[in-house]
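As a plain string of letters, each chain reads:
Number of protein chains: 2
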Amino acid sequence: MQLVKIYLDYLCPFAWRGLELAYVVAPQLGLDLEIRHYSLEQGNHPENAGRPRKAPVWKLAEQPLESSPSLRAFLASHAARQQGKAAHLRFALELFRLRHQERRRLDDETLVEAVGRAGLDLERFMADLEDEESRRLELAADLEAAGELGVFGTPTFVLPSGDAAYFRFTQLTTEPELATNLWELFTAVLENGAHIETIRRPQRERASR
Amino acid sequence: MQLVKIYLDYLCPFAWRGLELAYVVAPQLGLDLEIRHYSLEQGNHPENAGRPRKAPVWKLAEQPLESSPSLRAFLASHAARQQGKAAHLRFALELFRLRHQERRRLDDETLVEAVGRAGLDLERFMADLEDEESRRLELAADLEAAGELGVFGTPTFVLPSGDAAYFRFTQLTTEPELATNLWELFTAVLENGAHIETIRRPQRERASR
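Quick mapping for you: the protein sequence lines, in order, are chains A and B.
Numbered by my numbering, the letters in the first sequence go through residues 8 to 216 in order.
Numbered by my numbering, the letters in the second sequence go through residues 8 to 216 in order.
Since the hints were made in silico from the structure, they are not lab data.
Everything hinted at is true.
Identical copies carry no separate label here, and so any pair may be met within one copy or between two of them.
Below are the SDA-like pairs computed for lysine to any residue, each with C-alpha atoms no more than 20 angstroms apart in a straight line:
#, residue 1, residue 2
1, Lys61, Arg207
2, Lys66, Arg143
3, Lys12, Gln210
4, Lys12, Arg207
5, Lys61, Ala152
6, Lys61, Gln210
The shape of chain A in the complex, shown without the other chains (with noise of 0.2 angstroms):
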């Protein structure tokens, strides 16, 4: 097995398009996803602009957890975490999905949904979710980690190889031999000898206000 780790932010369109891409490909290319966290919030907070991301000065970990459309999730996919990988990866896909196909709100109500529907024992999610210190220092840990690697936006996946890039499309594709045509390409973009460093389209943008 390859061991892929992926940053996401639930709050994310393009990271819920990614994870699900990975989820198609993962068994046919023996893949061994990790899910890892990265904040939009707290990468594009306004008192950590011009920082380095390493040395945020607003960090999410720390924010009380009713001012943050994203705190609340972040901590339920740690608790999720505690039930292992697969699990933790079933609650994120349910929870992705809940988020940017069915629209809902990132609440209570949709968390418990998402562990229902990945199968998870509820109650010992509950009890992990109340464990709010423990799930907090994790968080942290993970925000950091990603500093660390300079990520920027999600999804970021980290090859085996140690490459590493912010991967946005917009089409969604699940059917499997799209799917793998498409991870192979990311792939070979990565380990391509020229080092490739980014590939951008240019946004062609609307009439200014």
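Starting from the structure of chain A, add chain B where the hints point.
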């Protein structure tokens, strides 16, 4: 022949590598290369910060010659262009090599050297360069087209399909088979049905100052 437009800035080493790549693959793949210009100085100018790319207030083509490290090279590029597309391409390639391989400054001596190496008519080049008003108008039109397209860096390639992307790599490849593989990888990314918008490696930052 398939028309491929390349937006370039002579200041940019990635644009140099991109042009070398296109130059190697063009005859093999039947590409008709057309050089266009995008200005990093204009795009990154503080007075243009936060403004739509197609509505800059600080415009390179209106600046005094002495104030800019890139304006003279752009005007010379438009002067070379008067001698035809193939001559323009050879001039651009030689000027990039002088700047980024031989570390020469983009001054008059270097421009004349590029004219010589590219086999252009020097007298005609000088006369066209002296018609500064016409060259500035051409440059302004070029930079406006780049702004409309949303170009944000160089090199940016526009394929016959209309797909466009910034393409940054660090290892120069002029070996024909490797170059063809690299070009085909780039076009495969742009033409994939998932509509890939971005692949970009995170950059580990050095210790903060």
